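**Student:** These are the residues of each chain, in order.
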Amino acid sequence: MAKIIDESPRPTAKDRVNKLVSDTQGSQAWNSIFRPGSIFRKGYTDSPRNRSYVVMNSVLYHLHPVKVKRHAVKVSYTLCLGGLSFFLFILLTVTGIFLMFFYRPEATQAWNDISNLQTSVTFGLLVRNMHRWGAHLMVLSVFLHMARVFYHGAYKAPREFNWVIGIVLLMLTLLLSFTGYLLPWDQLALWAVAVGTNMMGYTPVFGSEVRFVLLGGKEIGAETLLRWYVLHVLMLPFVIVIFMAIHFWRVRKDGGISGPL
Amino acid sequence: MTEIPEHLLKRAQAAREKAAAEAPAEAASAAPAASEAAADPRIPAHLLERSKSAKARAEGASADGGGGVAVQEKVASVVQAAPAGGGVPVGAGPGGNTQRLLTVVKSGSIQEVKATPVDKVHTWPHLLAAEFVAALVCLAFTFVFSVFVNAPLLQLANNNQTPNPSKAPWYFLGLQELLTMFHPMVAGVTIPGVGMIVLILAPYIDKNPSNKPEDRKFAISLMTVHLMFWAVLVMIGSFFRGPGFNFTLPWRDGLFFEL
Chain P
1 MAKIIDESPR PTAKDRVNKL VSDTQGSQAW NSIFRPGSIF RKGYTDSPRN RSYVVMNSVL
61 YHLHPVKVKR HAVKVSYTLC LGGLSFFLFI LLTVTGIFLM FFYRPEATQA WNDISNLQTS
121 VTFGLLVRNM HRWGAHLMVL SVFLHMARVF YHGAYKAPRE FNWVIGIVLL MLTLLLSFTG
181 YLLPWDQLAL WAVAVGTNMM GYTPVFGSEV RFVLLGGKEI GAETLLRWYV LHVLMLPFVI
241 VIFMAIHFWR VRKDGGISGP L
Chain H
1 MTEIPEHLLK RAQAAREKAA AEAPAEAASA APAASEAAAD PRIPAHLLER SKSAKARAEG
61 ASADGGGGVA VQEKVASVVQ AAPAGGGVPV GAGPGGNTQR LLTVVKSGSI QEVKATPVDK
121 VHTWPHLLAA EFVAALVCLA FTFVFSVFVN APLLQLANNN QTPNPSKAPW YFLGLQELLT
181 MFHPMVAGVT IPGVGMIVLI LAPYIDKNPS NKPEDRKFAI SLMTVHLMFW AVLVMIGSFF
241 RGPGFNFTLP WRDGLFFEL
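If you read the protein sequences in the order shown, they are chains P and H.
So in this note's numbering, spot 84 of the first sequence is number 84, and the numbers just go up one at a time.
So in this note's numbering, spot 72 of the second sequence is number 72, and the numbers just go up one at a time.
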């Protein structure tokens with residue numbers, strides 16, 4: 001009786017791994033997760049088609065067009081200021097959510113919570129520092145972004161309205177920073193906000209009414225803390241995200257980045 | 001610009017010579033009409049010449065029917081001209097051709113052509129890589145700075161104990177500085193309000209379409225003065241104001257400033 005001889009050699013460990021990777025990448029589940037153009041897809045190559053897919057098929061990247069003007073890529077043109085403002089906003093959101101776990105907006109608790117956060121919570125001090133310095137940095141970068149846009153004449157037609165939205169975003173950034181300033185509920189916070197809100201009270205017609213509503217009384221107190229907390233963690237971020245969406249959308253609708261000079 | 005085929009140019013040249021030889025006087029009389037048409041910049045110069053010669057021939061007595069090239073409005077008169085060339089059809093060219101070039105329409109006169117292609121690169125990897133590096137640098141800076149410098153946390157807030165000096169956050173210190181000079185309504189509302197409104201209206205006030213720095217010296221100077229105005233006020237308010245918000249020198253009396 002003839003013996004059947006299997007000529008093929010035994011698969012090595014490397015072959016097995018390769019086959020496993022190939023099967024995984026060919027599976028329906030894998031292909032449903034990674035859209036075309038993903039570097040994790042089977043047979044990914046660096047081609048113009050895949051470069052386009054990377055942008056089109058990513059929820060984050062598709063804020064960008066598939067192609068941009070060559071001068072827009074130069075760091076010396078934009079100094080990345082708008083993008084960094086957005087990045088700092090994300091950083092502040094992440095660190096802010098962390099801080100929310102350890103903070104109660106009550107006059108009797110707020111300061112102790114911050115103090116405990118710094119001494120008893122792992123990385124608490126670091127995250128609080130990052131939130132504070134990131135906030136100052138964001139005010140600075142939004143301001144510099146505005147200056148950059150002005151000096152490049154980028155607010156001119158057809159971008160006039162996007163400039164107006166940008167000014168609104170600058171004011172919202174200042175308000176976000178200012179409302180956050182009160183939350184540690186220490187002497188610095190209380191009196192900085194007192195100075196700021198006293199100025200606001202001099203606005204004619206509705207100044208003192210607006211001040212009363214914002215402070216929840218004639219003077220800064222426990223009511224103010226709760227109101228400013230809600231403004232800081234919920235309302236102003238909500239509003240600024242809407243305006244940012246319009247801002248980014250208009251950048252593309254108005255023909256991409258301005259220039260070259 | 002549209003290329004005129006060589007044989008047409010040759011034919012035009014021949015017709016022009018013929019016309020010049022036959023009716024120099026008539027050509028001179030037709031000149032005003034030609035110059036009228038010359039006002040239209042969309043008609044190339046050589047076509048105007050050709051039309052001039054055709055007109056001269058049509059108006060002239062020599063109706064030999066062998067007229068070279070007709071142009072738009074002169075077609076009828078050329079066709080009406082009596083044939084004298086025997087078997088040659090009415091309106092035929094010198095070689096007996098029955099088709100002729102009536103007019104050349106340049107592409108720009110009918111449809112708008114976007115002439116300048118834009119030099120573009122793929123967002124991935126060119127832009128996204130740069131953004132990623134910028135974000136990493138920013139994150140690293142914030143992280144390292146936060147490791148070494150702690151955010152301030154003073155004593156518990158106390159409504160009955162006013163610290164001296166009391167300062168607003170740094171971005172409002174320009175306003176607080178103005179407060180030392182003007183009535184609170186002017187310093188806190190009017191000046192910043194006007195500044196903000198002018199800033200918002202900037203694109204509608206500035207009608208200059210150029211974005212080149214050399215064309216917008218006035219706008220740039222004005223903005224620089226505006227920005228410097230606030231920057232200087234914020235600096236003074238931050239570093240040069242001590243107890244009672246009186247003027248101090250930071251190297252002599254120390255800093256009275258918390259971020």
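Among these hints, one or two may not hold up.
[Stated by the list, open to error] BS3-like cross-link-like pairs, simulated, lysine-lysine; straight-line CA separation at most 25 Å: (1) Lys74(P) - Lys120(H); (2) Lys253(P) - Lys207(H); (3) Lys120(H) - Lys156(P); (4) Lys42(P) - Lys14(P); (5) Lys207(H) - Lys156(P).
[What the hints assert, rightly or not] Computed footprint of chain H on chain P, listed as stretches where at least three residues anywhere in the stretch have a Cβ under 8 Å from a Cβ of chain H: (6) 6 to 17; (7) 79 to 89; (8) 144 to 157; (9) 161 to 169; (10) 174 to 188; (11) 205 to 217.
Since the hints were derived computationally from the structure, they do not count as laboratory data.
Bear in mind the structure is a predicted one, so any value in this text is a computation, not a measurement.
C-beta: ideal position from N, C-alpha, C; glycine also.
**Student:** It remains to establish, for every hint, whether it holds in the given structure.
**Tutor:** Structure-based check of all given hints:
{"no.": "1", "hint": "Lys74(P) - Lys120(H)", "in the structure": "holds (12 Å)"}
{"no.": "2", "hint": "Lys253(P) - Lys207(H)", "in the structure": "holds (21 Å)"}
{"no.": "3", "hint": "Lys120(H) - Lys156(P)", "in the structure": "holds (22 Å)"}
{"no.": "4", "hint": "Lys42(P) - Lys14(P)", "in the structure": "holds (18 Å)"}
{"no.": "5", "hint": "Lys207(H) - Lys156(P)", "in the structure": "holds (8 Å)"}
{"no.": "6", "hint": "6 to 17", "in the structure": "violated (count 0)"}
{"no.": "7", "hint": "79 to 89", "in the structure": "holds (count 5)"}
{"no.": "8", "hint": "144 to 157", "in the structure": "holds (count 9)"}
{"no.": "9", "hint": "161 to 169", "in the structure": "holds (count 3)"}
{"no.": "10", "hint": "174 to 188", "in the structure": "holds (count 9)"}
{"no.": "11", "hint": "205 to 217", "in the structure": "violated (count 1)"}
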